[in-house]
Amino acid sequence: MFDVSIIIPVYKAKYTIKKTLESINNQKFKNKIPKIELILSIDDNKNYNKYRSILNNEIINTKITSTNRIGSGPGNARNTGFKKSIGKYVCFLDADDEYSENYVCEMLQEIEREKLLIAVTKIFNKDKLITEYTSKKKYMDIKELIKYPCSFHPFMQRNQFKEYKHFPSQDIYNLTEHLSEKKIKIIKKAYYKLNLGKNSLTMKRGFKHKIKLAYKKYLIKGIKDRNNKISRHFAERLILNKNFEEWEKLNNSKKSYYEYLGDVYGKRKNLCI
Numbered sequence: 012m013f014d015v016s017i018i019i020p021v022y023k024a025k026y027t028i029k030k031t032l033e034s035i036n037n038q039k040f041k042n043k044i045p046k047i048e049l050i051l052s053i054d055d056n057k058n059y060n061k062y063r064s065i066l067n068n069e070i071i072n073t074k075i076t077s078t079n080r081i082g083s084g085p086g087n088a089r090n091t092g093f094k095k096s097i098g099k100y101v102c103f104l105d106a107d108d109e110y111s112e113n114y115v116c117e118m119l120q121e122i123e124r125e126k127l128l129i130a131v132t133k134i135f136n137k138d139k140l141i142t143e144y145t146s147k148k149k150y151m152d153i154k155e156l157i158k159y160p161c162s163f164h165p166f167m168q169r170n171q172f173k174e175y176k177h178f179p180s181q182d183i184y185n186l187t188e189h190l191s192e193k194k195i196k197i198i199k200k201a202y203y204k205l206n207l208g209k210n211s212l213t214m215k216r217g218f219k220h221k222i223k224l225a226y227k228k229y230l231i232k233g234i235k236d237r238n239n240k241i242s243r244h245f246a247e248r249l250i251l252n253k254n255f256e257e258w259e260k261l262n263n264s265k266k267s268y269y270e271y272l273g274d275v276y277g278k279r280k281n282l283c284i
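Following the numbering used here, the numbering of the sequence shown begins with 12 at its first residue and continues without gaps.
By construction, these hints were calculated from the structure, which means they are not laboratory data. Treat the hints with caution; some may be incorrect.
Cβ pair distances, simulated, as ranges [claimed, not checked]:
no., residue 1, residue 2, range
1, 40, 126, 15 to 25 Å
2, 41, 232, 37 to 47 Å
3, 94, 25, 23 to 33 Å
4, 199, 169, 20 to 30 Å
5, 41, 237, 43 to 53 Å
6, 152, 60, 35 to 45 Å
7, 40, 251, 34 to 44 Å
8, 74, 44, 15 to 25 Å
9, 258, 42, 46 to 56 Å
10, 94, 44, 18 to 28 Å
11, 236, 258, 29 to 39 Å
12, 123, 231, 34 to 44 Å
13, 41, 231, 39 to 49 Å
Note that this is a predicted model, so its numbers are computed, not measured. Built from N, CA and C at the ideal position, the CB exists for glycine as well.
Model the full assembly from the supplied sequences, consistent with the hints where possible.
Right, dumping it as structure tokens:
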């Protein structure tokens, strides 16, 4: 039995996954060292076996599984990885992002009491910090999430897992499902490092249109499920996206959505994601 299962959805990640795996290999622990199960859930039908050598830590057991499809999406890859996992606790990491070196340690200190946690997200572009979560609140609720509209990946007891959808921003919808039920404690001493780059999904052509369609779908689903918290949240996200598109045209800007939020909303409303 493993203490923690770390699930990484992998798609066209050969240029980024090395740093991601190194961030797991470099985890520091204060007292008890946990047994870690790392699951690479391959979604591009490529061979990633050679990256096992990066993980030279004896506490980490690496498994490689596949969705048996190409580009089925990170939601499906996460679900596939979860089905293969056996850890007492489960967490997620994208194949171009990183954990702070104390991430797993800090989460383990609180997870038994809370059942599900999120950590601060810090967003970087070429190792330059763009913006980060700065709220002083100990718990996040769904109303506050719109002030910090980015990904917060859960660290949870495995019985808290909710299956991911097969549409863009499925990680955000997954979090709103959890938040519609209860507040979630935010760990401030550790952080999730979200790395932007030219190959990042958010930078791809047509991504904004796909996100808009996904948000509309989630809005309608919230209405059908009579979940006013979820439907209201995605209505607010659609408004925020429209503001970004208007700002982008007005300023002829090539800045990313996250940079826009950091520059405009962060400065004007003293908010950052």
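To see whether the hints hold, each was checked on the structure:
A hinted range of 15 to 25 Å holds for the C-beta pair residue 40 and residue 126, which are about 21 Å apart. Taken as a hint, the range 37 to 47 Å holds for the pair residue 41 and residue 232, whose Cβ atoms sit roughly 42 Å apart. At about 25 Å, the CB distance of residue 94 to residue 25 agrees with the hint of 23 to 33 Å. The supplied range of 20 to 30 Å is met by residue 199 and residue 169, whose beta-carbon atoms lie about 24 Å from each other.
The given range of 43 to 53 Å is respected by residue 41 and residue 237, whose C-beta atoms sit roughly 45 Å from each other. Take residue 152 and residue 60: their Cβ atoms lie about 43 Å apart, and the range 35 to 45 Å holds. Checking the proposed 34 to 44 Å range against residue 40 and residue 251 shows it holds: the Cβ atoms sit about 39 Å from each other. In this structure the supplied range 15 to 25 Å holds for residue 74 paired with residue 44, their Cβ-Cβ distance being about 19 Å.
A C-beta distance of roughly 48 Å is found between residue 258 and residue 42, which places it inside the suggested range of 46 to 56 Å. Between residue 94 and residue 44 the beta carbon distance is about 27 Å. The supplied range of 18 to 28 Å therefore holds. For the pair residue 236 and residue 258, the supplied restraint of 29 to 39 Å holds, since their beta-carbon distance comes to about 32 Å. Take residue 123 and residue 231: their Cβ atoms lie about 37 Å apart, and the range 34 to 44 Å holds.
Separated by about 46 Å at the C-beta atoms, residue 41 and residue 231 satisfy the suggested range of 39 to 49 Å.
Hint violations for this structure: none, all hints satisfied.
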